[in-house]
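Student: Protein chains in written order, with my numbering: chain F, 1 to 250; chain R, 1 to 230; chain L, 1 to 668.
Careful: at least some of the hints might be erroneous.
[To be verified] Cut-off 16 Å, straight-line C-alpha distance, at most; resulting in silico cross-link-like pairs (EDC-like, lysine to aspartate or glutamate): (1) R:K88 / F:E227; (2) L:K254 / L:E640; (3) F:K48 / L:D316; (4) F:K147 / F:D116; (5) F:K147 / L:D351; (6) L:K394 / L:D351; (7) F:K79 / F:E227; (8) L:K421 / L:D570; (9) R:K131 / R:D185; (10) L:K352 / L:E319; (11) L:K299 / L:D351; (12) L:K554 / L:E510; (13) L:K663 / L:E625; (14) F:K147 / L:E139; (15) R:K88 / F:E29; (16) L:K313 / L:D417; (17) L:K254 / L:E510; (18) L:K524 / F:E47; (19) F:K79 / L:D321; (20) L:K413 / F:E20; (21) L:K33 / L:D16; (22) L:K524 / L:E551; (23) L:K554 / L:D570; (24) L:K300 / L:D277; (25) L:K305 / L:D321; (26) F:K16 / L:E579; (27) F:K147 / L:D145; (28) R:K62 / R:E46; (29) F:K49 / F:E29; (30) F:K48 / L:D409; (31) R:K88 / F:E47.
If you are wondering where the hints come from, they were derived from the structure by calculation, not from laboratory data.
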Amino acid sequence: MKLTLKIWRQGGEFGKGKFETYQMNNANEHMSFLEMLDVLNDQLISEKKTPVAFEHDCREGICGTCSMVINGQPHGPLKGTTTCQLHMRHFKDGDTIVIEPFRAQAFPVIRDLVVDRSAFDRIIQAGGYISVSTGQAQDANAIPIEKDVAARAFDAAACIGCGACVAACPNASAMLFTSAKVTHLAMLPQGQVESHKRVKAMVAQMDEEGFGMCSNYGACEAECPKEISVSNIALLNREYLNANLSRTDF
Amino acid sequence: MNKFSQFLHSSLGNKLLMSFTGLFLILFLVVHLIGNLQLLIPDQGEAFNAYVRIMEKNILIKVVAYALYIAILLHTYKGIDITLRNRKARGGQRYAVKAVSGTTWASRNMALLGSLIFIFIGVHMSNFWYKFKFGHHEGTEFYTMVDTSFSELWIVVFYALAQIVLAYHLLHGFQSAFQTLGLRDGNYTRLFKGIGAGIAVGLPLLFAIIPILMYFDIHPMPDFRVFPGQ
Amino acid sequence: MANILNGKVPPGSISDKWVQYKSTMNLVAPNNKRNIEVIVVGTGLAGASAAASLGELGYKVKCFTFHDSPRRAHSIAAQGGINAAKNYRNDGDSVHRLFYDTIKGGDYRSREANVHRLAEVSVNIIDQAVAQGVPFAREYGGLLDNRSFGGVQVSRTFYARGQTGQQLLIGAYQALSRQISLGSVEMYNRHEMLDLVIVDGKARGIIARNLINGKLERFAAHAVVVATGGYGNVFYLSTNAMNSNVTAAWKTVKRGALMANPSFTQIHPTCIPVSGDYQSKLTLMSESLRNDGRVWVPKKLEDAKAIREGRKKANDIAEEDRDYFLERRYPAFGNLVPRDVASRAAKTECDKGHGVSPTGLAVFMDFASAIHRYGKSKAHNQGMHNPDEATIVKLGEEVIAEKYGNLFDIYNKITGDNPYKTPMKIYPAVHYTMGGVWVDYNLETNIPGLFVIGEANFSDHGANRLGASALMQGLADGYFVLPYTIGQFLANDIRTPKIDPNQPAFDAAEENVRKQIEHFLSVKGSQSVESFHRRLGRIIWDYCGMSRSEEGLKKARKMLRELREEFYRDVYVPGSNNEYNPELEKAIRVADFFELGEVMIVDALHRNESCGGHFREEYQTEEGEALRNDADYAFVAAWEYKGWDQDPVLHVEPLHFEAVELKTRSYK
Chain F
1 MKLTLKIWRQ GGEFGKGKFE TYQMNNANEH MSFLEMLDVL NDQLISEKKT PVAFEHDCRE
61 GICGTCSMVI NGQPHGPLKG TTTCQLHMRH FKDGDTIVIE PFRAQAFPVI RDLVVDRSAF
121 DRIIQAGGYI SVSTGQAQDA NAIPIEKDVA ARAFDAAACI GCGACVAACP NASAMLFTSA
181 KVTHLAMLPQ GQVESHKRVK AMVAQMDEEG FGMCSNYGAC EAECPKEISV SNIALLNREY
241 LNANLSRTDF
Chain R
1 MNKFSQFLHS SLGNKLLMSF TGLFLILFLV VHLIGNLQLL IPDQGEAFNA YVRIMEKNIL
61 IKVVAYALYI AILLHTYKGI DITLRNRKAR GGQRYAVKAV SGTTWASRNM ALLGSLIFIF
121 IGVHMSNFWY KFKFGHHEGT EFYTMVDTSF SELWIVVFYA LAQIVLAYHL LHGFQSAFQT
181 LGLRDGNYTR LFKGIGAGIA VGLPLLFAII PILMYFDIHP MPDFRVFPGQ
Chain L
1 MANILNGKVP PGSISDKWVQ YKSTMNLVAP NNKRNIEVIV VGTGLAGASA AASLGELGYK
61 VKCFTFHDSP RRAHSIAAQG GINAAKNYRN DGDSVHRLFY DTIKGGDYRS REANVHRLAE
121 VSVNIIDQAV AQGVPFAREY GGLLDNRSFG GVQVSRTFYA RGQTGQQLLI GAYQALSRQI
181 SLGSVEMYNR HEMLDLVIVD GKARGIIARN LINGKLERFA AHAVVVATGG YGNVFYLSTN
241 AMNSNVTAAW KTVKRGALMA NPSFTQIHPT CIPVSGDYQS KLTLMSESLR NDGRVWVPKK
301 LEDAKAIREG RKKANDIAEE DRDYFLERRY PAFGNLVPRD VASRAAKTEC DKGHGVSPTG
361 LAVFMDFASA IHRYGKSKAH NQGMHNPDEA TIVKLGEEVI AEKYGNLFDI YNKITGDNPY
421 KTPMKIYPAV HYTMGGVWVD YNLETNIPGL FVIGEANFSD HGANRLGASA LMQGLADGYF
481 VLPYTIGQFL ANDIRTPKID PNQPAFDAAE ENVRKQIEHF LSVKGSQSVE SFHRRLGRII
541 WDYCGMSRSE EGLKKARKML RELREEFYRD VYVPGSNNEY NPELEKAIRV ADFFELGEVM
601 IVDALHRNES CGGHFREEYQ TEEGEALRND ADYAFVAAWE YKGWDQDPVL HVEPLHFEAV
661 ELKTRSYK
């Protein structure tokens, strides 16, 4: 396969950032997208040029490290797939591929395609947990949880924290990410006790980080590699309204 | 900052404000439409004129009218504010290529559609509301003023086009409001999307039909009156 | 004999040891905990759970990860599940049975007392995880579901679809996040530990490189906990994440900690086979698939050849022409034999020429009979008495999709094949390392104040790890063992004031790191770090992989030394130190893999027996099964690193088996 790659380079000799064009002559359809970039980097290193910085780790679609926008879509064209699980058989010989970092005010670019997503950590730190210290737990089977409820909690908990939702959203909103955690914990009986406090703190932190607001576009759901549903956002909205109307608040 | 204003300043508080004002405006549109449909009664405007006179006098209506002005201004102001904040959140550097998967054209253009509607409201109010209120000359009935306006082709076209804009705004706005209220969940998603689509098509269509029929002087409406005694 | 190590196993009967020990241990009072600092390196299951638990106890914790977020650690990729001796199935499980299975599965090369403790606390882990909101699979009655894993005859594995590791890690990450928000843990993302600092014989700090700007930073504490995972990436191709490395653990070895049983590496039988040279990473298909997948190769060599050349498909091979070799060789456990046994059996078949991928290195894993069985049972449930074949298959595929849907999707994405219709192709790949830094019963190394937990230590899995035990061990160490045992050390340190990072030991360590970095940047050779890593991995895989021989190992050691010399002479690392520079990070890690790789070979060469994942061709039965030598090798081999120009020095910890009888492992 022959490809033309237009890749965003930033930092070092590229300063504030610009697109560089690279010709790739030895890609093949069995490669994953990241393996194709590995081959490009090998080529760049052999020419003593600076390789393209991109983040990646597990390459199994679960760690959430890989982050790039491929032809305008976070994680590329394949639905429900992270960049590392995207294979070149979904591209054609002769294609031009434009690769950019996730762009959002709250995700500053560190280098080339690498961005800082620590804002997500701070949202979780604000309240995305159940306050139970080690050793305090009762027997695991003491609280039965309906199978479907557990499944819904799981669906939300499947979020890998990659940030594709933010990258896809025209408003760079982190609502899908935040709502996935709120839903995961709100569905479970264990998470009820501090649910009001949690949702308010997490939304406040989300705003503080400079993410945009949700305009219910649905781009986040469409681009989420784990296909987290926007109905979680509805649930977040409801939880937030409830929390603010509840008596304990005043 | 007290808790209430904290709530209002949060992103979700802002969204809720948009949602509430938006739904209120939709409710107004329904009432407005029912009143307007009286224009199509073949009674030379008798029913419509009576209706406007009652509306002008009723104190309750006046209160609601002020609520309406506030809602329009708030919805507009917050709309602009949110758009600007969201643009800032997107960051300085735009995508070179941007796919639009999963989103509708309407959802991406709510600010544009809203601005056009705002302009329309201005024109509309100076056309009728201002004239009804301040430019009202003895002897000219309200109906006649409307009829005169809608005998001009460009005004009819302008109104009809404005309704298309409104239709797209409602298409996203209605179901989005319920999402923001947290009611669009599971099975309700399809319900609200369905009702939203119905409203988005139905309301503007009926609104648009009024000037068009009046232009051709067709009055197919059976005789009904909003206020029984009018 | 060599130097003898003391594992500090407390006295008492096997089942009472831990309980008694816990209640007689030294404690640190809450007011003192506030002044005691602990460094935790790594935020996987072990590191995150330890940092969170230590924070909850009141210690001042500094926690480090080289990732952009603690949630990225590779524990997240564990698919199948976590064992616990809950006996919720009423199938005869117990703490003793989990203990016994783990000892036996590890081929009698682990420390009894540690393994028993692991089995004891396994039940607490499940309770803790559920309380944190980990959404384990449930039954219709709302109670927790279980499944089976290899090497055991009970159903004790708890799971969250095929993403158990992810859910448990997020549980630990959230517990950690809570401590960060409470201020008891200070989190350092994108910081990589590059040296250990020892002051007056005790571990008192680390040197870490800030990966954003390259700055070397010093961190001091009363104790250091290393939880940085295994070294499977020494093989280059493995199921480990791309950035998984041995560096932090290896730096402690270079400072005097001991590397125990490094040759005990686990080759997982069910991975997606290698497809090309550009490949840098292998993908695991969970062991849970062996509950329902039947492993086979064509009986006839010509059929295998036809499949390799694309002239025949798996489904063209008649039932009587298939060899379900695991079921044939191990009727008692069938497809659920332990990993080392299954891997070797697959290799044997491929070596005989029965392999089914173009490279000849793959066997089939077939779900057709499971689909049929489940389909029939589901049809029966739905009241269909004479369902046709198509209905049965449809219903069966639904059941399989519910159980393994995400794994089947991954397989489909990577290979482009549909595993519902045609059998999967699988081949063994490096997955886990049982070996690691030597620790005593307290999880403390021979360097006082240095603790190593999780996969990074050697302790619980002997020569082979059973499925669903890695998550168990990581969390056991972090939540329920280390928070107690670290007190044994820290209780004597309550009078030690805050450690000063501006003392000579820190200067020296920082200088040591700086020199290494400067060297790599100044070589300006012609070959990439990646190319050296690939070649190193090839040597280790070929000669110190699934089967090893004296001749091969000696050859490998020579090759490795030559390659290392070339690496230091001709590597090209672009860029500078004071920037985000992944190539430099890799160079430092690969340098450590070279040194570790040699010690692995030395260890494999020294262990003249076959046990678990370590299979020496010279030591096998006539049927090709591993031949263990308990008389001479029932010990832990812990190596002291003496630098590149000297042989590592052996220390041994003899293994005493009191609660179990040493037996030949049989799964027949």
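Student: Run every hint past the structure and note whether it holds.
Tutor: A quick look at each hint next to the structure:
1. Proximity of K88 (chain R) to E227 (chain F) is assessed by CA-CA distance (about 27 Å); at most 16 Å being required, the pair is judged violated.
2. For the hint linking K254 (chain L) to E640 (chain L), the alpha-carbon distance of about 8 Å falls within 16 Å, and the restraint holds.
3. Pair hint K48 (chain F) plus D316 (chain L) does not hold up; C-alpha atoms about 51 Å apart against a cutoff of 16 Å.
4. In summary, the hint linking K147 (chain F) to D116 (chain F) is not supported, as the alpha carbons are separated by about 37 Å, beyond the 16 Å threshold.
5. Our distance criterion of 16 Å between C-alpha atoms is broken by K147 (chain F) and D351 (chain L), whose separation comes to about 46 Å.
6. Taken as a hint, the K394 (chain L) and D351 (chain L) pair is broken in the structure, with Cα atoms around 37 Å apart against an allowance of 16 Å.
7. Restraint check: the Cα-Cα separation between K79 (chain F) and E227 (chain F) comes to about 8 Å, which is no more than 16 Å; the hinted pair holds.
8. The suggested pairing of K421 (chain L) with D570 (chain L) is violated, with an alpha-carbon distance near 49 Å, which exceeds 16 Å.
9. The straight-line distance between the Cα atoms of K131 (chain R) and D185 (chain R) is roughly 45 Å, outside the 16 Å bound, and the hint therefore fails.
10. A threshold of 16 Å between alpha carbons decides the hint, and for K352 (chain L) with E319 (chain L) the separation of about 20 Å lies outside it, so the pair is violated.
11. Between K299 (chain L) and D351 (chain L) the alpha-carbon distance is near 14 Å, which keeps this suggested pair within the 16 Å criterion.
12. This hinted pair does not check out: K554 (chain L) and E510 (chain L) have alpha carbons roughly 35 Å apart, beyond 16 Å.
13. This hinted pair checks out: K663 (chain L) and E625 (chain L) have alpha carbons roughly 14 Å apart, not beyond 16 Å.
14. Only pairs whose Cα atoms come within 16 Å are accepted, and K147 (chain F) paired with E139 (chain L) is accepted, the gap being roughly 6 Å.
15. The hinted pair formed by K88 (chain R) and E29 (chain F) fails the criterion: a straight-line CA distance of about 39 Å is larger than 16 Å.
16. Between the alpha carbons of K313 (chain L) and D417 (chain L) the distance comes to roughly 12 Å, so the proposed pair stays at or under 16 Å and holds.
17. Proposed proximity of K254 (chain L) and E510 (chain L) is supported: the alpha carbons are some 14 Å apart, at most 16 Å.
18. Distance hint between K524 (chain L) and E47 (chain F) is fulfilled; the C-alpha atoms sit about 12 Å from each other, no more than 16 Å.
19. Restraint check: the Cα-Cα separation between K79 (chain F) and D321 (chain L) comes to about 40 Å, which exceeds 16 Å; the hinted pair is violated.
20. Between K413 (chain L) and E20 (chain F) the alpha-carbon distance is near 30 Å, which puts this suggested pair outside the 16 Å criterion.
21. A distance of roughly 28 Å separates the Cα atoms of K33 (chain L) and D16 (chain L); the hinted pair therefore is violated under the 16 Å criterion.
22. At most 16 Å may separate the alpha-carbon atoms for a hinted pair to count; K524 (chain L) and E551 (chain L) exceed this at roughly 35 Å.
23. Proximity of K554 (chain L) to D570 (chain L) is assessed by CA-CA distance (about 24 Å); at most 16 Å being required, the pair is judged violated.
24. With a CA separation close to 29 Å, the supplied pair K300 (chain L) and D277 (chain L) exceeds the 16 Å bound.
25. Proposed proximity of K305 (chain L) and D321 (chain L) is supported: the alpha carbons are some 14 Å apart, at most 16 Å.
26. About 15 Å separates the Cα atoms of K16 (chain F) and E579 (chain L), which keeps this hinted pair within 16 Å; it holds.
27. Restraint check for K147 (chain F) and D145 (chain L): the C-alpha separation of about 10 Å stays at or below 16 Å, so the hint holds.
28. For the proposed pair K62 (chain R) and E46 (chain R), the alpha carbon gap of about 22 Å is over 16 Å, so the pair is violated.
29. Taken as a hint, the K49 (chain F) and E29 (chain F) pair is broken in the structure, with Cα atoms around 26 Å apart against an allowance of 16 Å.
30. Our distance criterion of 16 Å between C-alpha atoms is broken by K48 (chain F) and D409 (chain L), whose separation comes to about 39 Å.
31. At most 16 Å may separate the alpha-carbon atoms for a hinted pair to count; K88 (chain R) and E47 (chain F) exceed this at roughly 39 Å.
Of the numbered hints given earlier, the model fails hints 1, 3, 4, 5, 6, 8, 9, 10, 12, 15, 19, 20, 21, 22, 23, 24, 28, 29, 30, 31; all others are met.
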